[in-house]
Amino acid sequence: KAGVTQTPRYLIKTRGQQVTLSCSPISGHRSVSWYQQTPGQGLQFLFEYFSETQRNKGNFPGRFSGRQFSNSRSEMNVSTLELGDSALYLCASSRTSGGTDTQYFGPGTRLTVL
Amino acid sequence: GDSVTQMEGPVTLSEEAFLTINCTYTATGYPSLFWYVQYPGEGLQLLLKATKADDKGSNKGFEATYRKETTSFHLEKGSVQVSDSAVYFCALSDLPGTASKLTFGTGTRLQVTL
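Chains as they are written, first to last, in this note's numbering: chain A, 1 to 114; chain B, 1001 to 1114.
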């Protein structure tokens, strides 16, 4: 079956702009999590959505937000972009939330902020 | 908060050598522990996991044992191959008994040569 897909794969924005990233989970998966990967901070958890509700949240400012649709697809939005937001943004899906189901990661969206 | 510490890389080994990548963690409860692998140009893949003390996770010749007394989850493989060259991430779940809200180590790059 198809894996987790993320669009776009690459994105270039300028400071102050906003950006929306999309993630389509594996069919049948209802939980979607987002992570930020940078050389300096490594992989950091942003938030998790399950059944259109945010279940868990990491320590990121309110400029980072997300949502999940009824078909389990998820979007992540970053407003007022800063240079430090340049990163690889990874999405992961799993069948459920709060269990031991494996998280399957997508290839990521590489965001560059100029 | 919870944290994961991995040995610094890169680790360079000859094919068929023995591999150990050290991982220790700090957590208030009893987290689930994971090893993920990221091959060049690809997303993260779950390599193995352990959900309680003394559990041994294994996959593709890799093993790791959940040691509560030493708060460690070291990754080992008896004979590495060139195809094992990748970045390896140790992770824990902040929500005990689950695979959600992962906290990752900084990653260890493994380079295997002929």
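Calculated from the structure, these hints are not laboratory results.
Backbone N, C-alpha and C fix where the C-beta goes; we use that ideal spot for every residue, glycine too.
Keep in mind that a hint or two might mislead.
Label pairs and their in silico Cβ distance ranges [said to hold, decoys possible]: (1) B:Glu-1016 <-> A:Asn-59: 19 to 29 Å; (2) A:Gln-54 <-> B:Glu-1063: 13 to 23 Å; (3) B:Ser-1083 <-> A:Leu-114: 31 to 41 Å.
Below, a list of computed lysine to any residue pairs in the SDA-like style, where the Cα atoms sit at most 25 Å apart [said to hold, decoys possible]: (4) B:Lys-1060 <-> A:Thr-100; (5) B:Lys-1060 <-> A:Lys-57; (6) A:Lys-57 <-> B:Gly-1029; (7) B:Lys-1068 <-> A:Gln-44.
* Asked: So which of the earlier hints does this model not fit?
  -> As far as the earlier hints go, 1, 2, 5 are violated by this structure, in ascending order.
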